[in-house]
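**Q** Using the hints, position chain U against chain R.
Chains as they are written, first to last, in the working numbering: chain R, 187 to 455; chain U, 21 to 343.
Among these hints, one or two may not hold up.
Said to hold, decoys possible - Dumping the calculated PhoX-like pairs for lysine-lysine here, alpha-carbon to alpha-carbon at most 25 Å:
1. U/Lys-228 / R/Lys-342
2. R/Lys-268 / R/Lys-434
3. R/Lys-295 / U/Lys-305
4. R/Lys-342 / U/Lys-287
5. U/Lys-305 / R/Lys-434
6. R/Lys-258 / U/Lys-305
7. U/Lys-125 / R/Lys-258
8. U/Lys-330 / R/Lys-331
9. U/Lys-305 / R/Lys-353
10. U/Lys-305 / R/Lys-331
11. U/Lys-330 / R/Lys-342
12. U/Lys-259 / R/Lys-349
13. R/Lys-349 / U/Lys-228
14. U/Lys-259 / R/Lys-342
These aren't lab readings, by the way, just hints derived from the structure by calculation.
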Amino acid sequence: MQRRTLKSALISIAILAATPQNGYSADPAAELWSALKQDVFGAKAIREDSKVVVLEAPSRAEDAAYVPIRIKIAGDRAASVKSVTLLIDTNPSPLAAVFRYGPAAGGDKAERVIETRVRMDSYSNVRAVAETTDGQLHMATAFVKASGGCSAPSPKDSDAGSKDFGKVVVRHLNGDKAGLAQVMIRHPNNNGLQMDPISRNFIPANFIQAISIRRNGDTFMDIESGISISSDPNYRFSFSPDWSHDIKVVARGLDETLFEGQSTDSATQ
Amino acid sequence: MLIEPVGHGPKFSRRAVLRGASGLFFSLAVAGSSRADTMALNIVEVAPGVYVHQGHVELQSPTNLGDMSNAGFVVGDVGVAVIDTLGSAKMGAALRAAIRSVTDKPIVYVINTHMHPDHVFGNAAFLQDNATFVGHRKLAAGLLARADSYLQSSQQMMGAEALQGTQVITPSLDVFDHHVLDLGGRQLTCRAQPTAHTDNDLIVTDSKTGVTFLGDLLFDTHIPTIDGSARGWLQTIDKLQGQSLTHVVPGHGEPLMKSPEAFNSVKRYLQQLITDVKQDIQSGKSMADSVNTAGLSEQNRWDLFEQYHKRNVTAVYAEIEWE
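Same shape as in the complex, but just chain R (with noise of 0.2 Å):
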């Protein structure tokens, strides 16, 4: 205890001289988002640009396992969008995923939107970070009031596990028309921080860390995601209306497991 609170202070110390010197705020907030820009991006400088990217989440999430988050990429740079991150600052890991474009995305002038859900585990920022072809990063931020979701039992019925493990689905929202797709994935995607309801053990984490999205073959979209994102990941995204309903997934687990899915023509009605 004597310890804890020696070195509790000593960290206030070296924060309250680190802040007239150099600037940095002694907002902790601002500190952890300051080491994980680092951690991720480097010393590349990152701009606030809601003219490029942005970030729709709820202020408070009315279910902080599924917190649901909407990326919109404007129409006039989507064509130079090569990446997005997604970024949850709190959470245990706080990348959530890469959503990387390939060739099939196309160079149209429509808006991109990306959608999916996360876990929170705490009040945060979650960010979402463009890159341009040329290299610049833009990004959009959005507060999110949230706590406990990442340590959430899921399923709800602890007997319901396995049901339609596996499964994807995926489905074009808007019938004929083009515009919006959705994928979605049967899968726990355990974190490592919920419970087993049965030998009360933490369940091990397994999680699907890849998705390919393909279109007659090219790449669409490559996901590169991690345990922030919600149990059955369920992601939405935009495409060029001039697509023929042939999209083809891949997920890949933790564990190498591969779950694949495909859209058919009689779509979702």
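**A** Showing chain U alone in chain R's frame:
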């Protein structure tokens, strides 16, 4: 510490009379002991030997100390069984004081109707009685998996002082299907339910009066909260409505209601949510958008709608999008 009495007897008495729910019960405000560290807790004898405390229809707060659910107790010839213990050890102690003002028979069973903190966080007050804690076979797993986040959020809502003495206590007797507890002259039958409000709902029926404690399978006034399966809950309601239950105690709201009609509001709410969310999913609406529109026709029918409704929509959406 001296705490103002938190009961609301007069309001309850008036409503009970207005509803004419039953001629058998009368309201009594129990003064508790004269010690400064206990508080008066209102209880009502809903049937001979069957008592209910009606909690506030509120969120947890430093003022209510977790007194925001219904709790009850049944007095037999040889012992007493407690059904749910409110949301903190302090409120559990107040409930215990109320029991002691009615009887000094030993408290032999503490039954929890499900894992939620407003029903189990008062358990520690009954450790001194060496009571057997009784719950659904899945209660322990559900509660332990969530215990940290329950304690954390309770502390955020009520403050650390309110939680003094509160412990996470899981059943020493797991109910797999049903279990009969003998109190002397009357038996309580505990029946484990399939996943509905949670995955560990348990109902308790008193053999002498027929009163059934439903826990949060039945909500009154307070918006229902879905932490299990909306579809499962509807199935369970159908099953219970077909049984010969007469007088039932909801987990929130009135202390005593009549089955089968008591279930109608909860049933309507769940059906409306499923219908609206299903429609949203079919038309391609995302979860983020569905929470703003689904089930809005229920808005003025429940207390705490703003606090819980969108979360319910989220749960229903995640449940039925795979159908």
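**Q** Does each hint fit the structure? Answer for all of them.
**A** Hint-by-hint comparison with the structure:
Between U/Lys-228 and R/Lys-342 the alpha-carbon distance is near 35 Å, which puts this suggested pair outside the 25 Å criterion. At most 25 Å may separate the alpha-carbon atoms for a hinted pair to count; R/Lys-268 and R/Lys-434 meet this at roughly 20 Å. A threshold of 25 Å between alpha carbons decides the hint, and for R/Lys-295 with U/Lys-305 the separation of about 23 Å falls inside it, so the pair holds. Between R/Lys-342 and U/Lys-287 the CA atoms are separated by roughly 20 Å; this keeps the pair inside 25 Å, and the hint holds.
A threshold of 25 Å between alpha carbons decides the hint, and for U/Lys-305 with R/Lys-434 the separation of about 22 Å falls inside it, so the pair holds. The suggested pairing of R/Lys-258 with U/Lys-305 holds, with an alpha-carbon distance near 16 Å, which does not exceed 25 Å. Between U/Lys-125 and R/Lys-258 the alpha-carbon distance is near 66 Å, which puts this suggested pair outside the 25 Å criterion. Restraint check for U/Lys-330 and R/Lys-331: the C-alpha separation of about 15 Å stays at or below 25 Å, so the hint holds.
Restraint check: the Cα-Cα separation between U/Lys-305 and R/Lys-353 comes to about 21 Å, which is no more than 25 Å; the hinted pair holds. The straight-line distance between the Cα atoms of U/Lys-305 and R/Lys-331 is roughly 24 Å, inside the 25 Å bound, and the hint therefore holds. Distance hint between U/Lys-330 and R/Lys-342 is fulfilled; the C-alpha atoms sit about 17 Å from each other, no more than 25 Å. For the hint pairing U/Lys-259 with R/Lys-349, the CA-to-CA distance comes to about 24 Å; that is within 25 Å, so the pair holds.
Distance restraint check for R/Lys-349 and U/Lys-228: the Cα-Cα separation of roughly 42 Å exceeds the 25 Å cut-off, and the hinted pair is therefore not satisfied. For the given pair, U/Lys-259 sits about 21 Å from R/Lys-342 by alpha-carbon distance, which is consistent with the 25 Å threshold.
This entry does not satisfy hints 1, 7, 13, going by the numbered hints stated previously.
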